[in-house]
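**Q** Chains A and B, in that order, are what the protein sequence lines are.
In case it helps, this note's numbering puts the first sequence at residues 22 to 465.
In case it helps, this note's numbering puts the second sequence at residues 22 to 465.
Since the hints were derived computationally from the structure, they do not count as laboratory data.
Among the hints, erroneous ones may be present.
[Stated by the list, open to error] Label pairs and their computed distance ranges (CB to CB):
no.: 1; chain 1: B; residue 1: L266; chain 2: A; residue 2: D355; range: 43 to 53 Å
no.: 2; chain 1: B; residue 1: P119; chain 2: A; residue 2: R318; range: 28 to 38 Å
no.: 3; chain 1: B; residue 1: R399; chain 2: A; residue 2: R434; range: 12 to 22 Å
no.: 4; chain 1: A; residue 1: R290; chain 2: B; residue 2: N125; range: 48 to 58 Å
no.: 5; chain 1: A; residue 1: F118; chain 2: B; residue 2: E41; range: 30 to 40 Å
no.: 6; chain 1: B; residue 1: N114; chain 2: A; residue 2: A319; range: 26 to 36 Å
no.: 7; chain 1: B; residue 1: N114; chain 2: A; residue 2: E41; range: 30 to 40 Å
[As the list claims (entries may be wrong)] Which residues of chain A face chain B? A few of them, derived with a C-beta cut under 7 Å, are:
no.: 8; residue: G64
no.: 9; residue: A307
no.: 10; residue: P405
no.: 11; residue: S411
no.: 12; residue: Y415
no.: 13; residue: T460
[As the list claims (entries may be wrong)] Non-contacting residues of chain B with respect to chain A, defined by C-beta distances greater than 10 Å in every case (computed):
no.: 14; residue: A65
no.: 15; residue: Y216
no.: 16; residue: D355
Since the structure is predicted, the reported quantities are computational estimates derived from the model, not experimental observations.
By construction, the Cβ of each residue, glycine as well, lies at the ideal position given by its N, Cα and C atoms.
What follows is the residue order along each chain.
There are 2 protein chains.
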Amino acid sequence: MDREQVDLIVQNGSVLIMDEAFTVVEDGAVAVAGQYIAEVGPGADVRKKYQSRDILDAEGGIVLPGLVNAHTHAAMTLFRGIADDLPLMEWLNDYIFPAETHLNPEVVYDGTLLACAEMIRSGTTCFCDMYLFEQEVARAARDAGLRAVVGEVLYDFPSPNYGPPQEGLRYSEQLIRDWKGHPIIYPAVEPHAVYTCSPRYLEQIMELAVRHSVPYIIHLAESPGELAQVREKFGKTPVEHMEELGLLSDLVIADHSVCLSPGEIEIYRRRKVKVAHCPESNMKLASGVAPVPHMLRAGVVVGLGTDGCASNNNLDLFQEMDTAAKLHKVHTMDPTVMDAASVLSMATRGGAAALGLAEEIGSLEPGKRADLIVVETRSPHLTPMYNPYSHLVYAARGADVRHTVINGRVAMRDRHLLTLDEEAVMARAREIAAEIRKTVTIKT
Amino acid sequence: MDREQVDLIVQNGSVLIMDEAFTVVEDGAVAVAGQYIAEVGPGADVRKKYQSRDILDAEGGIVLPGLVNAHTHAAMTLFRGIADDLPLMEWLNDYIFPAETHLNPEVVYDGTLLACAEMIRSGTTCFCDMYLFEQEVARAARDAGLRAVVGEVLYDFPSPNYGPPQEGLRYSEQLIRDWKGHPIIYPAVEPHAVYTCSPRYLEQIMELAVRHSVPYIIHLAESPGELAQVREKFGKTPVEHMEELGLLSDLVIADHSVCLSPGEIEIYRRRKVKVAHCPESNMKLASGVAPVPHMLRAGVVVGLGTDGCASNNNLDLFQEMDTAAKLHKVHTMDPTVMDAASVLSMATRGGAAALGLAEEIGSLEPGKRADLIVVETRSPHLTPMYNPYSHLVYAARGADVRHTVINGRVAMRDRHLLTLDEEAVMARAREIAAEIRKTVTIKT
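Working from the sequences, and respecting the hints, build out all of it.
**A** In C-alpha cells, the structure reads:
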C-alpha cells in the first residue's frame, strides 16, 4: 500500500495531545502536512500510513503542543535587568521610561527578534504582544516564524510612535488591514489600561475591535495602586468601570486581573472575558496574587503569560508554569489546587482559547496548525519519569526543549535555531544596550 | 620573573567575589592551588603572577562561588513526580512511604549519585542532606566530588536502617567518627522534628552534637499542621519547646522555619540559630511563607535549600533564588525586599554560614576552598547584561552553568560531568523506578 506523503513526522515520544480528555499516546507520532497536523497516533500506525523526508526524533522524550505566552512586551528583552527590586514609580520613572526613549522601529524590531529567539528556545510557539511600534513586532515575529497576536499600545497621551491618540486608532486599523488573514500574525487592539485611557477612547477602540472582529486586550485590575487610582478618578473599580461602559465581552482579554472580587469573577464569566495570568510579574512588582483557582472553577478561560522581561526577567513559560502551580497552593494553603495537568492546560489550550485561537492551536489534533515542541528527558533532573505532566510543570525548564515546530516549520532542531541568525541578534542587542547605558545609570 | 605554578586558573569572566562588599572584578581571574583559592583579581595581574597547565575559560561569563543547598533529601530524586498536588497525608501514606520501603543502602547510594549529577550540572557545589542510610549519602557525595553535610534522620520509631532509636545515636556517632576531618564530607546529627522525637531523645542527640561539635539539624516550625500537633502534645510551639529544653544554640540549623512569631525570630537571633529556607517546597506543600525578610533584618543567618525532589521537583538553586526573591515581594507587598544581591548572598555565603562552613566556602577569597562555578551568558535569555546579580537571580537557570569546580577539582567542564558516569547513573535510576512502579500505583 502506498503511504501518503507528508512534510514532517515527529516520532518516538510520549505525545500529550492536551485535548479535554488529557490523552497521552505512548510511543506516539505526529504527521504534519504543510502548516497543519495531519494525524496523531501510535508511531507504528502513523508510519504505516505516512511517509516523510523530514523526521524529528523525540528519542523517548515528550511531544506536546507549543506553549502560548498570553501576555508579554517582547522588545523589553532589551531592558532585562536594567533595574529591579525598586518601588514601581522609581523603577518606571528612573529606568524604564528613560530606556524607552531609545525606542524606534529598528530597536523594537531587533528587541523583538531577541525575544523570539528566547521563546523558540524555551518552547513558546505563540505570544501575545503589547508594545510600541507594533508593526515592527509583527514583522519580527513573522521573520522569526513565531506565531503572534500583535496590538499597538494605546493611551491618552502622545505616543513616540503614532503621535496623538486619534492617530493610534488609525495606526491600529492599518495594523489590522495589513495582517488580518496572515497564517501566523493576528492583529488586535490594545488600550493600555482604564487609568490611562478615557472612557471615550476605550469606546472608540472597542468600535474598532467589533468592526474587525479582533481581540480587545487591556491591562485590567493589575494592582492595588491601579484600583486606588481608578477609584479616585471614577469612583469604582476597573472592572465595574468597564462593565458600566458596556465594554466587557468575549473580545476582551484582561491581562493580570489580580484585584478581582468574587462578583467581578462572576461578571467575567457572564461576559466571557478571558484572562492572561502573569504570576511572576505580579510577584516581582508586588502587585498581588490573581484569584485563578476561583476563576477556573467559575469557568473563566485563563491563559498564562510572562509579562515583559523587565519584570520577570525571562520569557520561560516552563518556569512560569511551575511558579503558577506553587504560588496558588501556598496562597490558598491548599496543595491540591492548580495541579500539573491543569497548569499545562493553561499554558497550551487555555492560552489558545484566551487569544481566540482555540480552533487553530493549543492541542495536537488533526486539522489544527502544527505548533509543537519536543522536550528532551534524558537528563538527571528529568530521570526517572513517572508522570509527564509533573515533569513538565515541576522539573523541566525551557532549556530542555530540543525541537520547536511552528506552523509546520521547524524553528529549532536539536537546540539550533533555524529561522534566526542568533549571534547577529545578540550582537545587535548588545549595541543597543551600550547606547541605553549612556543615558540610564545602572546600579550594581 | 618566574611565575608561581598553580593547578587551575579560571579567567575571562566577571568575578563576583560575594564578600561583604559585593566586590565584582571585571575581566577577572581566580587562581586555584590544590583544594584552595590562591588569588582572585584582574586577569592580567593573576596571569602575570601565576601559571597553570589547566585553564577554564569563562569567555565573558560570570564566575561566582558555587551555590550551597542548605537542605535537601538527595536520594528522593528517585521519587520525583511520583505524586503531586495531593493533601500531605495522602501524599505521604499512599506514595512516599510505600516508595521508601524500596530503600536500602544501594538504592540510597544510587539515588544520591543521581542528585549529585543534577546538582553539579546546576551549579550546586555543597549540599546539606537528611535521609536514611546516610553513610551511603556520604560515600556517593565523596565519589561524585560534591561537598556535603550528612546526617542520619533520627526519630522515635524503628528505622529501616539502624533499627531502634538508641541505635540511631550509635549510627550517628559512627558517621561522625568516619567522616570528621574529611576535606569535603562533614557529619552532622539530624533529629527529624520535635513531633517525631521525644524530649529525651532530642537531648541525647544534642549531647552528641556538643561532644563532637557538629551541627544539629532539625525540621522546625515547617507547617501549621506541625504547630497544631506540637501544641496538642506539649502545649507550646515547636520553637518554645526547643527553647524550654535548652536546645537552641549556634549548633542548630532549623530547616523551613515557616511558622515563626516575631518573638521566636528574636529567640533565633539571641541563640544564634541558623535557618535553611526552602520556599518552593513550602509553596508546593502549602505550608506557608517563612518570614525571611524579618529574619534577615534581625540578623539571623539564612541559607537557601530546595528540600527533597519529591516536593519541589528539582534541585535547581537558580530557580529557587528566583522564587525566593519574588515570593517575599508579593507576600509582603513590597517590591524592594529580597533584592537580587541579597538572595544570591543567601545561596552562597549565607548557606555556608548556616552550615558552619563560613571559613571554608561561600565566597571567592584566598585561603578558602576552591568551590566555584562559571555561568555562560552568551544566550538570548541572558542578553544584554546590565547587572550580573539580576541575571543570576531573575533570568539564569541551572542549565546556564558551564563549568563547576569543587574543592579545586573540575567536576563539570563545558557541561560534561567528569566525576560521574551520568548515563550509568540514569540507567540505574530507571531500573529502581521500574521496581517502585510495581508497588506504587502512579496516577497520570
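**Q** Does each hint hold? Answer for all of them.
**A** Status of each hint after checking the structure:
1. B:L266 with A:D355: 43 to 53 Å: violated (33 Å)
2. B:P119 with A:R318: 28 to 38 Å: holds (32 Å)
3. B:R399 with A:R434: 12 to 22 Å: Since R399 (chain B) and R434 (chain A) have Cβ atoms about 20 Å apart, the given range 12 to 22 Å holds.
4. A:R290 with B:N125: 48 to 58 Å: holds (53 Å)
5. A:F118 with B:E41: 30 to 40 Å: holds (34 Å)
6. B:N114 with A:A319: 26 to 36 Å: 33 Å Cβ-Cβ, so the 26 to 36 Å window holds.
7. B:N114 with A:E41: 30 to 40 Å: holds (31 Å)
8. G64: violated (19 Å)
9. A307: Since the shortest Cβ distance to chain B is 4 Å, the answer is holds.
10. P405: holds (3 Å)
11. S411: holds (4 Å)
12. Y415: Holds. Min distance 4 Å.
13. T460: At 13 Å from the nearest chain B Cβ, T460 (chain A) fails the 7 Å test, so the hint is violated.
14. A65: holds (22 Å)
15. Y216: holds (19 Å)
16. D355: Its Cβ does come within 10 Å of chain A, the nearest being 6 Å, so this is violated.
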